[in-house]
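Asker: Protein chains in written order, with my numbering: chain A, 1 to 112; chain B, 1 to 115.
Worth double-checking, as some hints may not be accurate.
Looking from chain B toward chain A, a few residues come up when the C-beta cut is under 8 Å (computed) [as the list claims (entries may be wrong)]: (1) 32; (2) 90; (3) 107.
Treat the hints as calculated values from the structure; they're not laboratory data.
Where a beta carbon is used, it is the ideal one built from N, C-alpha and C, also for glycine.
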Amino acid sequence: EPEVTQTPSHQVTQMGQEVILRCVPISNHLYFYWYRQILGQKVEFLVSFYNNEISEKSEIFDDQFSVERPDGSNFTLKIRSTKLEDSAMYFCASSVVATSPFFGPGTRLTVL
Amino acid sequence: AQSVTQLDSHVSVSEGTPVLLRCNYSSSYSPSLFWYVQHPNKGLQLLLKYTSAATLVKGINGFEAEFKKSETSFHLTKPSAHMSDAAEYFCVVSDQYSSNYQLIWGAGTKLIIKP
Numbered sequence: 001e002p003e004v005t006q007t008p009s010h011q012v013t014q015m016g017q018e019v020i021l022r023c024v025p026i027s028n029h030l031y032f033y034w035y036r037q038i039l040g041q042k043v044e045f046l047v048s049f050y051n052n053e054i055s056e057k058s059e060i061f062d063d064q065f066s067v068e069r070p071d072g073s074n075f076t077l078k079i080r081s082t083k084l085e086d087s088a089m090y091f092c093a094s095s096v097v098a099t100s101p102f103f104g105p106g107t108r109l110t111v112l
Numbered sequence: 001a002q003s004v005t006q007l008d009s010h011v012s013v014s015e016g017t018p019v020l021l022r023c024n025y026s027s028s029y030s031p032s033l034f035w036y037v038q039h040p041n042k043g044l045q046l047l048l049k050y051t052s053a054a055t056l057v058k059g060i061n062g063f064e065a066e067f068k069k070s071e072t073s074f075h076l077t078k079p080s081a082h083m084s085d086a087a088e089y090f091c092v093v094s095d096q097y098s099s100n101y102q103l104i105w106g107a108g109t110k111l112i113i114k115p
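Just chain A, same shape as in the assembly (with noise of 0.2 Å):
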């Protein structure tokens, strides 16, 4: 069954430092998206995107974060200059319509 992949598994950091989280998303789907869960927190929206652009963004996605599907095969998330703050997991998911996506099984930052 095909699912959706993410690298690293854990990303530990210094802050002020980049970082890139890469997911690979299902073949065939056209909506791709980021999610991240702060430890005791709810699950919050980051970003989604479609048609090689995004299409919607929450009031986290400021200008530190970044995404990119830079070959048709992966898409990435950049924080620019990681906070203490971002220390989170970090689910990418992708869906065929804009419904009900699949997710990764998502990626631990660790800010230090």
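Assemble the complex: chain A is given as a structure, and chain B must be docked to it using the hints.
Answerer: Same frame as chain A, now just chain B:
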């Protein structure tokens, strides 16, 4: 604005007994509603979804949920719990008539299964 309230942060049941995880939602429009499950160290897996068809929705692993508009509820049930059901369960709402593709998540309910 949409919101989701999961009424219990933890639910503990004995193996073989029924499971009830409660969820209430608030939505300005006709909502799409979902239940996702997260096993330890695993991703978020879709259990079932409601998108304005039948109000009783059957999902994977024997789970089902009933959409009750008058009560704004979408409770998740299973007749007989199994040890492998131990996980965190999330009730989620999406506004299907909006161009906004966001999912709004509940806080989650940890299901504990006692042997």
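Asker: So, for every hint listed, does it hold in this structure?
Answerer: Hints, one by one, checked against the model:
Interface hint status for residue 32/B: upheld, as the beta-carbon distance to the closest one in chain A is roughly 6 Å, under 8 Å. Interface hint status for residue 90/B: upheld, as the beta-carbon distance to the closest one in chain A is roughly 7 Å, under 8 Å. Using the Cβ-Cβ criterion of 8 Å, the hint placing residue 107/B at the interface with chain A is satisfied: the shortest such distance is roughly 5 Å.
Against the hints set out earlier in the document, no violation occurs for any number.
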